Amino acid sequence: MAIVQFTRFKSDKPEEMIKTAKEAKAIFEKHGAEFLRLSRFHTGTWAGEFLISTRYSSWEVYGKVQEALAKDEAFAKLYAHTATFAELTGRNIAVGIDL
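Position in the sequence shown counted from 1, then plus 1, gives you the numbering used here.
Think of the hints as simulated: they come from the structure by calculation, not from any bench. Be a bit skeptical, because a hint or two may be false.
Once the Cα atoms are required to be at most 30 Å apart in a straight line, the calculated DSS-like pairs of lysine-lysine come out as [stated by the list, open to error]:
#: 1; residue 1: Lys11; residue 2: Lys72
#: 2; residue 1: Lys23; residue 2: Lys78
#: 3; residue 1: Lys65; residue 2: Lys78
#: 4; residue 1: Lys20; residue 2: Lys65
#: 5; residue 1: Lys72; residue 2: Lys31
#: 6; residue 1: Lys78; residue 2: Lys26
#: 7; residue 1: Lys23; residue 2: Lys11
#: 8; residue 1: Lys20; residue 2: Lys72
#: 9; residue 1: Lys14; residue 2: Lys78
#: 10; residue 1: Lys65; residue 2: Lys11
#: 11; residue 1: Lys72; residue 2: Lys23
#: 12; residue 1: Lys26; residue 2: Lys14
#: 13; residue 1: Lys72; residue 2: Lys14
#: 14; residue 1: Lys26; residue 2: Lys11
#: 15; residue 1: Lys78; residue 2: Lys20
#: 16; residue 1: Lys26; residue 2: Lys65
#: 17; residue 1: Lys31; residue 2: Lys11
#: 18; residue 1: Lys78; residue 2: Lys11
#: 19; residue 1: Lys72; residue 2: Lys26
#: 20; residue 1: Lys14; residue 2: Lys31
#: 21; residue 1: Lys78; residue 2: Lys31
#: 22; residue 1: Lys20; residue 2: Lys31
#: 23; residue 1: Lys31; residue 2: Lys65
#: 24; residue 1: Lys23; residue 2: Lys65
Listed next, with one range per pair, are the computed distances between beta-carbon atoms [unchecked claim]:
#: 25; residue 1: Thr44; residue 2: Ala71; range: 33 to 39 Å
#: 26; residue 1: Ala77; residue 2: Thr44; range: 22 to 28 Å
#: 27; residue 1: Thr85; residue 2: Lys31; range: 22 to 28 Å
All values derive from a computational prediction rather than experimental measurement. Where a beta carbon is used, it is the ideal one built from N, C-alpha and C, also for glycine.
Go ahead and model the full structure; you've got the sequences and the hints to work with.
This is how it looks when you write it as structure tokens:
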């Protein structure tokens, strides 16, 4: 069962969001995430906001990645930098259902 975390950001600096997401992708995947993707909402309540999606193969892997990120100085610096130009507006976790 896949675990997918969705994190929404509001920012008026799309180039900086893309640059920062590329750096985050390398960090997350280094620690075991299957992927990190950046999207932007074009319709609906969240139009204009950015969505970061990360996927993990299991809760165990999710926990290991979160633990590694908490100790990763490069991630801490990147997250602090993100806070200078973007506002975190929401976070959700979805659990895949095997069919």
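Now for the hints, and whether the structure bears them out:
{"no.": "1", "hint": "Lys11 <-> Lys72", "verdict": "holds, 26 Å"}
{"no.": "2", "hint": "Lys23 <-> Lys78", "verdict": "holds, 14 Å"}
{"no.": "3", "hint": "Lys65 <-> Lys78", "verdict": "holds, 20 Å"}
{"no.": "4", "hint": "Lys20 <-> Lys65", "verdict": "holds, 25 Å"}
{"no.": "5", "hint": "Lys72 <-> Lys31", "verdict": "holds, 13 Å"}
{"no.": "6", "hint": "Lys78 <-> Lys26", "verdict": "holds, 14 Å"}
{"no.": "7", "hint": "Lys23 <-> Lys11", "verdict": "holds, 17 Å"}
{"no.": "8", "hint": "Lys20 <-> Lys72", "verdict": "holds, 22 Å"}
{"no.": "9", "hint": "Lys14 <-> Lys78", "verdict": "holds, 18 Å"}
{"no.": "10", "hint": "Lys65 <-> Lys11", "verdict": "holds, 28 Å"}
{"no.": "11", "hint": "Lys72 <-> Lys23", "verdict": "holds, 20 Å"}
{"no.": "12", "hint": "Lys26 <-> Lys14", "verdict": "holds, 18 Å"}
{"no.": "13", "hint": "Lys72 <-> Lys14", "verdict": "holds, 28 Å"}
{"no.": "14", "hint": "Lys26 <-> Lys11", "verdict": "holds, 19 Å"}
{"no.": "15", "hint": "Lys78 <-> Lys20", "verdict": "holds, 14 Å"}
{"no.": "16", "hint": "Lys26 <-> Lys65", "verdict": "holds, 16 Å"}
{"no.": "17", "hint": "Lys31 <-> Lys11", "verdict": "holds, 26 Å"}
{"no.": "18", "hint": "Lys78 <-> Lys11", "verdict": "holds, 19 Å"}
{"no.": "19", "hint": "Lys72 <-> Lys26", "verdict": "holds, 16 Å"}
{"no.": "20", "hint": "Lys14 <-> Lys31", "verdict": "holds, 26 Å"}
{"no.": "21", "hint": "Lys78 <-> Lys31", "verdict": "holds, 16 Å"}
{"no.": "22", "hint": "Lys20 <-> Lys31", "verdict": "holds, 17 Å"}
{"no.": "23", "hint": "Lys31 <-> Lys65", "verdict": "holds, 12 Å"}
{"no.": "24", "hint": "Lys23 <-> Lys65", "verdict": "holds, 21 Å"}
{"no.": "25", "hint": "Thr44 <-> Ala71: 33 to 39 Å", "verdict": "holds, 35 Å"}
{"no.": "26", "hint": "Ala77 <-> Thr44: 22 to 28 Å", "verdict": "violated, 34 Å"}
{"no.": "27", "hint": "Thr85 <-> Lys31: 22 to 28 Å", "verdict": "holds, 24 Å"}
Hint 26 from the list above is the single one not met by this structure.
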